[in-house]
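Kindly produce the complete structure, drawing on both the sequences and the hints.
Residue numbers (the numbering used here): 60 to 195.
It is possible that part of the hints are untrue.
Using 25 angstroms as the maximum straight-line C-alpha spacing, the simulated DSS-like pairs for lysine-lysine come out as follows [stated by the list, open to error]:
1) Lys84 x Lys107
2) Lys162 x Lys151
3) Lys78 x Lys107
4) Lys162 x Lys175
5) Lys78 x Lys103
6) Lys103 x Lys175
7) Lys84 x Lys103
8) Lys151 x Lys138
9) Lys107 x Lys85
10) Lys138 x Lys175
11) Lys138 x Lys163
12) Lys175 x Lys163
13) Lys103 x Lys138
14) Lys192 x Lys138
Simulated restraints, written as ranges between beta carbons of each label pair [to be verified]:
15) Glu88 x Glu179: 29 to 35 angstroms
16) Pro171 x Met60: 29 to 35 angstroms
17) Arg153 x Ile105: 31 to 37 angstroms
18) Glu191 x Met89: 20 to 26 angstroms
19) Tyr143 x Pro171: 17 to 23 angstroms
20) Asn140 x Thr99: 32 to 38 angstroms
21) Glu81 x Val178: 19 to 25 angstroms
22) Thr170 x Glu191: 17 to 23 angstroms
23) Leu159 x Gln86: 16 to 22 angstroms
Honestly, the hints are just simulated from the structure, not real lab data.
Glycine residues also receive a C-beta, built at the ideal position from the N, C-alpha and C atoms.
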Amino acid sequence: MINIDFECENQHQFEGCFKDYESFKKQQEMGLIECPLCNTMNVKRIYKGCSIHTKKSKEGQGKTPNFWQYLEAFNNYVKNNFEYVGNSFPDKARAIYYGLEEKKNIYGDVTPSEAKELVEEGIGVFPIIDTEKLIN
60 MINIDFECEN QHQFEGCFKD YESFKKQQEM GLIECPLCNT MNVKRIYKGC SIHTKKSKEG
120 QGKTPNFWQY LEAFNNYVKN NFEYVGNSFP DKARAIYYGL EEKKNIYGDV TPSEAKELVE
180 EGIGVFPIID TEKLIN
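Structure, rendered in structure tokens:
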């Protein structure tokens, strides 16, 4: 699993997760990489600092979890503690935000343009990557 940083023509920076470098190159060549905020396909790869993981000094502590493991743990937390509302996510999020429904944690399906509209309204949303779909 690799992570690559991008910037679109509107100076939005975002990160893409790919199975491997070959997957990244294939998606780039097919023009499948787009900005999640403005949907432009005019994006470029940018380089940021990197981190180096070393073995733990104390025995028995195990390896440091990698990005993929953190992502799976986050997804499991959301699935176990939030209510799945499917395609009605934008409507449910608005109803909760505007006090029309009881406040609760929800997750569901949303298009990039719907997510942008929610953010512009001041409704905090956070995208999650469905790791099960990426693996299978």
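Hint-by-hint comparison with the structure:
no. : hint                                : verdict
1   : Lys84 x Lys107                      : holds (19 angstroms)
2   : Lys162 x Lys151                     : holds (10 angstroms)
3   : Lys78 x Lys107                      : holds (20 angstroms)
4   : Lys162 x Lys175                     : holds (21 angstroms)
5   : Lys78 x Lys103                      : holds (19 angstroms)
6   : Lys103 x Lys175                     : holds (21 angstroms)
7   : Lys84 x Lys103                      : holds (13 angstroms)
8   : Lys151 x Lys138                     : holds (17 angstroms)
9   : Lys107 x Lys85                      : holds (22 angstroms)
10  : Lys138 x Lys175                     : holds (23 angstroms)
11  : Lys138 x Lys163                     : holds (13 angstroms)
12  : Lys175 x Lys163                     : holds (21 angstroms)
13  : Lys103 x Lys138                     : violated (33 angstroms)
14  : Lys192 x Lys138                     : holds (15 angstroms)
15  : Glu88 x Glu179: 29 to 35 angstroms  : holds (32 angstroms)
16  : Pro171 x Met60: 29 to 35 angstroms  : violated (22 angstroms)
17  : Arg153 x Ile105: 31 to 37 angstroms : holds (34 angstroms)
18  : Glu191 x Met89: 20 to 26 angstroms  : holds (23 angstroms)
19  : Tyr143 x Pro171: 17 to 23 angstroms : holds (19 angstroms)
20  : Asn140 x Thr99: 32 to 38 angstroms  : holds (34 angstroms)
21  : Glu81 x Val178: 19 to 25 angstroms  : violated (33 angstroms)
22  : Thr170 x Glu191: 17 to 23 angstroms : holds (20 angstroms)
23  : Leu159 x Gln86: 16 to 22 angstroms  : violated (39 angstroms)
Hint compliance for this structure: hints 13, 16, 21, 23 are not met, and every other hint is.
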